[in-house]
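Q: Sequence:
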Amino acid sequence: MKPIIKIPDPDRMPDREPFTGLFQPFERMIDPFRPYEGTRPPEGLVAFLKWSLADVRWPIVLLAIFALAVGATEGLVFYLIGGLVDRATAAGPADVFAQEWPWLLSLFVLVVFGKPLVQLGQSAMTSLALGPGLNPMTIWRLHRHTLGQSMRFFEEDFTGRIAQKQTQTSTALTSVVVDSLSSLGMLAAYIVTITLLLASAEPLLALVVVVWSLCFALAIRWGVPRIRARAKARAAARAIVTGQLVDSLSHIKTVKLFAHASREEEAARSAIAGFRRTGIAFGRSMMAMRVILAAMNSALTVILIAGSLWLYHIGSASIGVIAMASIMTLRLTAMSNWIAQSALSIFGELGTIEDGAHTLSPAHDIVDAADAVDPKATRGHVEFQNVTFRYGRPIGGVAGLNLDIAAGEKVGLVGRSGAGKSTAVSLLLRLHDVAEGRILLDGTDIRDLSQDGLRRAISTVTQETAIFNRSALDNILYGRPEAGREAAYEAARRARAHDFITQLADGKGRLGYDAHLGERGVKLSGGQRQRIALARAILKDAPILVLDEATSALDSEVEADIQEALDEVMQGKTVIAIAHRLSTIAAMDRIVVVDGGRVVQTGTHAALLAEGGVYADLWARQSGGFLQAAE
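When you line the sequence shown up against the numbering used here, it's residues 42 to 672, in that order.
Simulated from the structure, these hints should not be mistaken for laboratory data.
A portion of the hints provided could be inaccurate.
[As the list claims (entries may be wrong)] Pairs of lysine-lysine, DSS-like flavour, derived with a Cα cap of 25 angstroms:
(1) K564 / K297
(2) K549 / K581
(3) K564 / K417
(4) K549 / K564
(5) K581 / K417
Given the structure is predicted, the values throughout are model-derived calculations rather than measurements.
Please model the complete structure; the sequences and the hints are all you need to start from.
A: Following this line, the structure appears as structure tokens:
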């Protein structure tokens with residue numbers, strides 16, 4: 042099966058970048074998709090950071106080494122420049138090269154080779170190793186965990202918000218690692234280096250840097266909790282905005298049909314206004330820190346430069362010390378402004394990570410047993426034994442449901458809305474787990490089977506058809522990806538979808554089976570979407586077939602045509618069909634009537650009509666074959 046998404050390979054492009062061979066060792070340091078231990082991300086910030094970074098320790102250590110080297114070489118360059126001033130003054134113009142060539146050579150080697158090499162190493166680690174490696178790795182692992190969540194997890198949140206949390210958290214994590222090591226590591230090394238070098242020239246100036254460093258650390262410590270809390274609130278507010286916008290846009294047709302654009306605007310306005318308030322609160326904390334740091338930097342500049350001049354005045358320092366102190370001070374204040382901004386952003390991102398970890402870390406509600414196995418040679422015998430499940434509410438769902446469906450039997454499941462029909466199907470597929478009782482497949486509790494193995498044994502077509510924004514071919518092959526194009530064509534013909542698929546075209550010029558169907562199949566009619574879903578189920582060819590209002594969107598003529606195809610597909614399979622249009626299941630081997638979450642009647646269509654009761658009442662309420670809602 043061809044890839045779902047085609048992305049150009051940069052290494053195959055004609056304008057390939059130079060030095061690629063030199064870059065590749067850095068690019069290969071992190072494999073985002075390598076196997077790893079422990080799929081569940083922890084909720085706590087520190088634990089989450091350990092979980093995320095466990096497999097990238099050495100790249101992190103290497104980046105830290107380069108960052109420290111950059112800071113150290115920065116300070117050493119200024120020390121050599123200051124020393125050169127004194128040495129050049131003492132030697133005089135005529136003898137400076139003859140006497141001070143070792144010093145000049147050291148400065149030359151450091152400036153031309155040492156400093157650029159460590160800076161390039163730092164850039165390579167951020168741009169080629171950690172940047173392109175850590176971010177995809179974190180997204181991949183968070184997404185894998187999220188895919189394993191039960192339906193309850195997705196029912197209680199916006200899918201757009203969940204997706205944003207995955208990307209937002211991974212981006213924040215990468216920024217924290219890269220920025221903290223590159224900026225804070227470099228600053229720490231620079232401060233230590235210039236303190237030691239200043240101490241060798243004039244201890245009083247070194248003491249000033251030490252005091253300033255302590256004040257800088259205290260200021261950061263004061264601001265971090267405030268910024269982190271406000272960043273967490275801002276991240277949560279941003280996710281609410283995303284969820285609201287996605288919710289409106291994904292239901293844009295309903296918005297327009299009910300003329301509620303103004304209501305959606307107001308809902309979006311409220312969410313955006315909340316995001317703005319959290320942004321302002323975050324900005325205030327950032328500005329307060331910048332004011333404090335600006336005052337500290339101004340004080341450091343004045344004290345160091347004035348102090349070195351005063352020491353020169355009293356004969357305790359040379360002109361080289363003045364030059365060295367002035368350059369080091371100006372560089373330190375410039376660096377501290379930039380690094381303080383990075384530090385504040387880092388701690389802001391920590392709030393984002395903390396919020397994302399809290400959202401994405403819940404344990405899976407439904408997990409495979411340690412000794413779970415795939416079903417073997419499934420016959421299709423399904424039993425519900427005293428099954429109860431109410432979605433955590435006092436009413437609804439099923440309660441004490443008992444139902445035995447023989448292998449190869451075709452059963453119609455009917456009942457009023459809310460009777461528990463779709464709940465029973467969801468429990469059979471383990472989209473939820475039973476609260477009481479058990480469900481057996483060929484005599485084995487489905488909780489002892491692997492979820493993937495169980496679901497591979499069941500083909501499902503629902504009223505709410507799932508259509509991906511991919512090609513028509515990819516949507517059909519989702520049933521059995523290895524089947525190939527010709528098998529997909531045949532399944533589409535059997536589902537009466539081939540003719541309309543061949544007439545499809547999308548906005549990028551793709552035609553027929555290669556045309557993309559739009560988000561949720563928006564480019565198709567309801568009946569066309571259902572036929573694509575039927576083709577997918579036909580291609581899957583599982584021993585159990587579940588039809589949950591599978592033909593509800595079809596007109597009578599097309600439904601009659603497809604019913605013939607379904608009769609062929611159902612041969613030799615266990616079939617569970619849910620339909621409000623009772624005429625579509627009247628010919629089933631058996632009809633089971635569910636009411637209040639229990640089986641209340643079972644039999645053939647004719648026998649149930651003769652018996653009276655719920656089924657006869659439902660049939661009597663039909664108008665044109667459609668079941669009306671109970672009063």
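Q: Next step is simple, just say for each hint if it's right about the structure.
A: Checked hints:
no.: 1; hint: K564 / K297; in the structure: holds, 17 angstroms
no.: 2; hint: K549 / K581; in the structure: violated, 29 angstroms
no.: 3; hint: K564 / K417; in the structure: violated, 39 angstroms
no.: 4; hint: K549 / K564; in the structure: holds, 14 angstroms
no.: 5; hint: K581 / K417; in the structure: holds, 17 angstroms
Violated hints, listed in ascending order, are 2 and 3; each of the other numbered hints is respected by the structure.
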